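Starting from the known structure of chain F, fit chain W onto it as the hints suggest.
In order, the protein sequences belong to chains F and W. The first sequence: position 122 = 122 (our numbering), numbered continuously. Positions in the second sequence are counted from 1; adding 1000 to them yields our numbering.
None of these hints come from the bench; they were simulated from the model. Remember, it's a predicted structure, so these values are computed and weren't measured experimentally. Treat the hints with care, as some may be off.
Simulated pairs of lysine-lysine, BS3-like, Cα-Cα distance not exceeding 30 Å [as the list claims (entries may be wrong)]:
1. K140(F) - K73(F)
2. K117(F) - K1010(W)
3. K1010(W) - K221(F)
4. K140(F) - K1010(W)
5. K1010(W) - K73(F)
6. K22(F) - K1010(W)
7. K117(F) - K72(F)
Facing chain W, according to a computed beta carbon distance under 7 Å, are these residues of chain F, among others [what the hints assert, rightly or not]:
8. L83
9. S85
10. Y87
11. E89
12. I102
13. L105
14. V171
Residues from chain F that face chain W, not an exhaustive set, calculated with beta carbons under 8 Å [claimed, not checked]:
15. L54
16. K58
17. A74
18. L75
19. Y79
20. Q94
21. F98
22. Y103
23. R104
24. K108
Note that the Cβ used here is the ideal one computed from N, Cα and C, for glycine as well.
Take a look at the letters that make up each chain.
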Amino acid sequence: MTDVAVSVNHLTFSFGHREVLKDLSLQIPTGIAFGLLGPNGAGKTTLIRLLVGLLKPKSGDIHILGQLISRKKALFIGYMPQLQSLYNELTVRQNVEFFARIYRLHDKAKRTQQVEKVLKLVDLWERRNDAVQSLSGGMKQRTSMACAIVHNPPLLFLDEPTVGLDPELRVSFWEFFSTLTKQGATLIISSHTMDDAAHCDRLGFIRDGKVIAEGTPNELKLATGTAQTSLEDAFLYFVRQGKDARND
Amino acid sequence: MTDAVWIIAKRVINQIGRDHRTVAMILIVPLVVMTLIGLSFPDLRVLDYIAPALLAALALFFGFLLTGISFLRERSQGTMERLTVSPVTRLDIVVGYLCGFFVFALIQTFIILFYTIYVFDINYRGQLWEILVFQMVVIIGAVNLGIFISSFARNEFQMVQFIPLVILPQMFMGGLLWPVEQMPDYLQWFAHILPLTYAVDGMREIMLNGMNLLDVWVDLAVQAGFAMLTSVLAAITLRKGAVG
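Chain F on its own, in the form it takes in the complex (with noise of 0.2 Å):
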């Protein structure tokens, strides 16, 4: 297993004459939960669409676990879409079934023994049996997240998982996540609020399509003189220090 989980190297998209992601650049270490921050339109979720394989870029590369990305690495990946994207007629179980046989988990008594331990992980055996389109949006958040790790992925993409939770479910889809990367998964979450962002041990910020700054968060915090200062002021610090830059 290679010690970096994704590496991208002078990343760029557009869409039609719209510039996205420029030049962006970023290595991503496996194991651990890293955040990409930014406002609304900084290039997040095109940059995880990048990740998965859903968009090609106009020039640099990217790799997943030590290869350049193909279909061969799908098997390995776990995606939660922004939207839900679930069969809303089906059941909570039938969606996590259909998802763990679609990533081969072929034998049966396996298949419903993982369908079973991924449902009481995220709190939804006890609804199993309902159809999606009668849960609550929290409950259809955890029914996606159930959906994409159902196959045990060592590299997972959430964008934007924790919108919409309450402080509650926030919590727990936080606590549930280092979970997942004590078991030595890679997790890579984007997030525009700084709540999120204090849990991740990573941290990208993203703004106009370019990586600002990078590193722990204290590290970041560091960067800015005062480890007292919090993620936010830290973020607008980088972001100023950037348009100092541009001035210069």
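Frame of chain F; chain W shown alone:
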């Protein structure tokens, strides 16, 4: 056929099957449409001539509509995005959906066919099983066409707009309302590139003239070729995004 195809097909069938309102519509709408059409013919013997073309045209219409809207919903809900990130290939996805939707399109076709034959008591000469096989090939093309065309729509409204663009011209020029031979030359040329023209011709040859599948092999081959072409096009244009 890979495992993924059956897994996807089974899920599509299961999903539509759990949506009781949709199932009811799938069963009732063809009955209502055929009743209205049948009652509008004071002389049911005229229906003998119209029925084969009507069966082919309705198979195309219902297959296209059912699949196009359902597949579009998969895109807009983001479930297609999730599926395209998984290890399944684009062709697995298209064939999987084809198999799933095919079941419901086939049920609608059976309802229309048996209702026309047994309730309106139309006269036909060919073998029933050959009519069914021919119709199945028409349905495969219709379902694939629905999947393919849904790539170009962003919402249900746009998808419905494709009906007058893709389906109606085939109904007008495919020999359903008047014989292709009576149309101006340039329209005849156009009619001969429309798959429904061959579907109508094949159905008429089997049902009115008592021909078998071998006799209508050109019509059948065109339907099969159209089904293959649309499945490849659908796989190519299967956009990897929820919307846009």
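Check your understanding: Of the numbered hints stated previously, which ones are contradicted by the structure, given in increasing order?
Key -> 3, 6, 13, 14, 16, 24
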